[in-house]
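For what it's worth, this note's numbering labels the leading residue of the sequence shown as 1, then goes sequentially.
Hints listed in this document are in silico derivations from the structure and should not be mistaken for laboratory results.
Nothing false has been slipped in among the hints.
Distance ranges between label pairs, derived from CB positions:
no., residue 1, residue 2, range
1, Y23, W123, 43 to 51 Å
2, V197, R25, 30 to 38 Å
3, H374, R339, 37 to 45 Å
4, V99, S63, 29 to 37 Å
5, A28, H61, 49 to 57 Å
6, V99, H374, 42 to 50 Å
7, Y64, V282, 43 to 51 Å
8, W84, A366, 23 to 31 Å
9, L24, Y118, 48 to 56 Å
10, V216, R339, 19 to 27 Å
11, Y92, A307, 51 to 59 Å
12, A28, Y118, 46 to 54 Å
Even glycine gets a Cβ: it sits at the ideal position worked out from N, Cα and C.
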Amino acid sequence: MSHETATPALASTTPRTAPSNPYLRLLATPGARAFTAGNLLARLPMGMFSVSAVIMIAGSHGSYALAGAVTATGLAATAVVAPWTARLVDRYGQARIAVPATAVAVLGSLTLVLCVHYDAPVWTLFAAYAATATTPNTGGMSRARWAHLHRGDRAALHTANSFEQAVDELCFMLGPVLAASLCGALFPEAGTLTGAVLLMTGVLLFAAQRATEPPVAVGTRAPSPLRTRGVPALLTVFLATGAVFGAMEVVSIAHAGGAILALQAGGSCAAGLLYGSLRPAVRVGRRLLLCLTGMTALMSLPLVAAATSDSLLVLAGCLLLAGAATAPTMVTGMTLIQRLTPQAQLNEGMTLAVTALLGGIAAGSAVGGWTVEHAGTATGYAVPMCAAALALAVAAMGTRRA
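Taking the hints into account, I'd like the entire structure generated from these sequences.
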């Protein structure tokens, strides 16, 4: 569909007195609040499941090594399964695929609870948690809806991507806290059970909003987005960016405890909302380079703070500033994915980006943990800075024409 035909259709559904705030204007889109509410419920558990599983398994078996191995297996399974689930979503529609895929994932979570509670053989924990890999990429499906509703309107899409990134940060701030609180205040399985209920309820509410669901491109059997020019390099950027997050998490926990990480997520959330109120970039590839340059520079601040000061207050301020570059980088990267990926493969393209990000988080966690153990926590902060520099180098070589 051309922009000329898309724009009048959009104008007919836009309120005549649109709010001046870009986020209020975005949520004024007919049907937007309904699918956003369901999506928020479905995404909150994404920050709950791994923490809940670690608490539950470690408490039952007395082994954090086992708990970490189980969650790592689930992450690896997700990296394999998620792109296929997204391809099915593109081919058959969000509602037809997301609901049964979520049901399988929820059954996996409930099976894990039963296996832990009744002291089943260890291998059953791995099998049950691997089944949760069918969880659909709800954030990607939400972004696909915005892309469908505001096709041709770059300003609205820029605001939508910023809003979605801020939601991601918010969920990953609140999810672990909610999970740990439930497991501690009630019983070890409470976090997983609550997450399963929220996920299933949220996806059902989201899928019920059929009016905003992107149409399926009937009869298309396009090749993988991996064959699209520029996408492999961009996915490598996401991989390196994920390593920034994974390394920062492990090093910060080792240096000052997990609570301090909320400052980085908070800085990212605030920066993402502010970024969404700015004008969208005409040349997104150039904007991505600027964001990665800023992220590389800001990631040096925690390293300097840890190496030169024992003050946690100074480190906290540096983490807050470092987080300010992550959301704009992610928003710009997702916008570029949307530009490069054919419309009929949008869910798959964005899920590949998330998969690359998860792979980078796993790699960054491993490298960050090794560095902390062998060189100390202060030196460990060099890992996220180097990962950000790698992302910048890859972007400079591979996305300059985007």
